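Just so you know, the protein sequences line up as chains U and S, in that order.
In this text, residue positions in the first sequence follow this note's numbering: the first is 1, and each later residue adds one.
In this text, residue positions in the second sequence follow this note's numbering: the first is 1, and each later residue adds one.
Treat the hints loosely; a few may be bogus.
[As the list claims (entries may be wrong)] Derived SDA-like pairs: lysine to any residue, alpha-carbon spacing no greater than 20 Å straight-line: (1) U:K33 to S:L311; (2) U:K100 to U:V140; (3) U:K33 to S:A308; (4) U:K23 to U:R52; (5) S:K153 to S:Y174; (6) U:K33 to S:R21.
[Stated by the list, open to error] Examples of chain S residues lying across from chain U (beta carbon under 10 Å, computed): (7) I94; (8) I141; (9) Y160; (10) V163; (11) G198; (12) P362; (13) P364; (14) S369.
[Stated by the list, open to error] Some chain S residues well away from chain U (every beta-carbon gap over 10 Å; in silico): (15) P114; (16) V212; (17) Y251.
Keep in mind the hints are simulated off the structure, nothing from the lab.
None of these values were measured; they are calculated from a predicted model.
Don't be surprised by glycine CBs; every beta carbon is placed ideally from N, CA and C.
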Amino acid sequence: MAVLTMAKALNDGLRAAMERDPKVLVMGEDVGKLGGVFRVTDGLQKDFGEQRVLDTPLAESGIIGTAVGLAIRGFRPVCEIQFDGFVFPGYDQIVSQLAKLHFRSQGKVRMPVVVRIPFGGGIGAVEHHSESPEALFAHVAGLKVVACSNPVDAYWMIQQAISCDDPIIFFEPKRRYWEKAEVDLDATPLPLFASRVARAGSTLTLAGYGPVLRTCLEAATAGEADGHDLEVIDLRTLSPLDLGPVVDSVRRTGRLVVVAEAPSESSVAAEVAARVQELCFHSLEAPVIRVSGFDTPYPPSKCEEDYLPDLDRVLDAVDRSLAW
Amino acid sequence: MSDPHDWAPSTPSAPDQHPSREHVLAGLKATDEGGADLVQLLTPEGERVADPRFDQFATDLDSAALQGLYRDMVLVRRFDREGNALQRQGQLGIWVPLLGQEAAQIGAGRALQPQDMAFPSYREHGVAWTRGIDPTELLGIFRGTDHGAWDPKDARFHLYTIVIGNQCLNATGYAMGQRFESKVGEGPEAEATICFFGDGATSQGDVHEGFVWAAVYDAPVVFYFQNNQWAISEPTERQTRVPLYKRAAGYGFPGIRVDGNDVLACLAVTRWALEECRTGNGPVLVEAFTYRMDAHTTSDDPTRYRLADELELWKLKDPIERVRVNLVREHGIGQEFFSGVQAESDALAARFREYCVNMPPPAPDRMFSQVYAEGSTTVDAQRQEYLAYHESFESHGSPAVGGGR
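Okay, chain U solo, but in the shape it has when bound:
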């Protein structure tokens, strides 16, 4: 057992993957000597050298595009995009090459590339540092998209993502980087593409991922005072979605609230809501409710308390669902 922050759990996971496979590379802006702006890659260049931990020029298209080439050559690059809002110069390479090469080559070329993206708000940052663009990737065929929410998952999911032969967009909730948990380094981890019941309950189902998972758990604790027994599901994998545990839960509770920081239109939360009403129509006692960011650009940080789904907004949605 070890008590780790999420940032350290990711660091340890990266280290384990690099020790296991000499083809694993880490590349990105400031990931080497500095150890990344969030220190997720701290110490890796010192221990594995400059050929395995690359401080790249400042060009996200270059980071992804060369990772594609390195993957063709047999490497397993783990790219760091410094902040969510900086991924877009690399979006062309992600959509046009990374996502499609396996299909285009009829399976002859594999793309075992992980693109790590710190995402979400709540850290009081300036523009382009607080976004939740996961739907833009979940919508692209050929990519797999996951989001960790806690140090235990961070430790295992990063290793599983690196060993996966498909390209993975790996979202890390930046405002949770410094939260700690006990990590059992000898445990058998849950598979990567599986959602997980984070708290069992019977009154209503809360589903979320990434930074809001903790908000959902806090809502469940707060709900106890009102006599509610909320079940919380960590979606973990956003593409492909693993809705089995959600469907099982909703068939028992009859109510679902989906929580995410991203804007709600055409979002991952919207996809969950649509699929659940298809699969659980006769079990639902209330419409599926989304609690999300708004369909506005991410606002100046003094507005982010209004923008981000917080405990009160989740509980308000719980009340509305239960009152239906």
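Fit chain S to the given chain U structure using the hints.
Below, chain S without anything else, positioned relative to chain U:
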């Protein structure tokens, strides 16, 4: 002067095609004392030196003008330091210091005509100053109340651009528009655009594309980059093998390196570059060779990746001190002037601080404002829903809705 052939590097001999690492670093770094390719009018020791090409762009820079430039730099440095302090005291979420880059920014900014347009990155507080942006108008970005308070079209100073290099294409497009509207040519109405970016940005695709578009459309844009030696933790050799100003030759336009800590040289060279653009000889690339004396931002810790010795060496080349020395030695300026500027800068800092700590928080529905020019039913519905939700708390005695614009 602007024939690209004049600026092409000489044909390399075979060994030059594969320079050693030492050779590369020498090319990137060796000019800090005024190498053959570095334009300098004022030495680090404060001595005005002649330059046969650029003196003609500095003939009006008499004692009064030099005092003005000194005042600009002192005031800008003073509120920059206050920004750092306000962040440390929790009044700002972040501050992006310009310490050490005052000459590069004031020199370029004071070369602009009112009709010219400037596109900044996010560190150009000194250029903002020269465009008449009050320093308090910068605060919202760093306190988190707005993304930029000024009107970019009125100020002829675009909003800060945070995504590295994006603005190089935007500036090029603007400059193409100037050309399409026949604003390029002789006469007082002629316009040019200047685009600010950094050494790190030169690796971005948008910067390359900006160079290509500006070249093929003859856009009147000065690409002015401050090479402050560090892109957060990455030194210039992470971005390039050749001195960056030399890249211009490959695109077919002039590139020039100026001592970025020499406000006179920055002013003269930028005047020349803007004049080239205004009269139809653009674009031009200017490398202001300077040094980031503070961290990348207040979130950064440079002790993790660079040596203190380097900073000490650059302190000897401070952009403000050399002007002070020159004013004393060559213009006989006395202490009264310097004390006056100091007092003015302290008053500015006090006003800056006072404004910052009294900024009201934005209203809860601020984020729904101005998302679209013609509105959106989705956003309108979310705004109504959120305000109703918010009011449900007020009726239970929660704090009232904050102020804001």
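Interface hint for S369 of chain S, Cβ within 10 Å of any Cβ on chain U
holds, 9 Å
Are the Cα positions of K153 of chain S and Y174 of chain S separated by 20 Å at most?
Distance ~11 Å between K153 of chain S and Y174 of chain S Cα, so the pair holds.
Given a cut of 10 Å on the nearest C-beta pair, is the interface hint for V163 of chain S held or broken against chain U?
holds, 6 Å
Against chain U, with CB atoms and a cut of 10 Å, does the hint on I94 of chain S hold up?
Holds, about 6 Å.
A closest beta-carbon separation below 10 Å is what the hint needs, so does P364 of chain S meet it against chain U?
holds, 5 Å
Can we trust that P114 of chain S is non-interface, i.e. its beta-carbon lies farther than 10 Å from all of chain U?
At about 28 Å from chain U, P114 of chain S clears the 10 Å cut-off, so the statement holds.
When the nearest CB of chain U is found for P362 of chain S, is that gap smaller than 10 Å?
Since chain U brings a Cβ to about 5 Å from P362 of chain S, closer than 10 Å, the hint holds.
Restraint check for K33 of chain U with L311 of chain S, where alpha carbons must lie at most 20 Å apart
holds, 18 Å
Given the hint that K33 of chain U pairs with R21 of chain S, test it: the Cα-Cα distance must not exceed 20 Å.
holds, 19 Å
Can you verify the interface hint for I141 of chain S: is its Cβ closer than 10 Å to any Cβ in chain U?
Check passed: Cβ of I141 of chain S comes within 6 Å of chain U, closer than 10 Å.
Going by Cβ atoms only, is Y160 of chain S closer than 10 Å to chain U?
Y160 of chain S check passes; min Cβ-Cβ to chain U is 8 Å, inside 10 Å.
G198 of chain S as chain U interface residue, shortest Cβ-Cβ below 10 Å
Holds: closest Cβ of chain U sits about 9 Å from G198 of chain S, inside 10 Å.
Consistency with the previously given hints is maintained throughout, with no hint failing.
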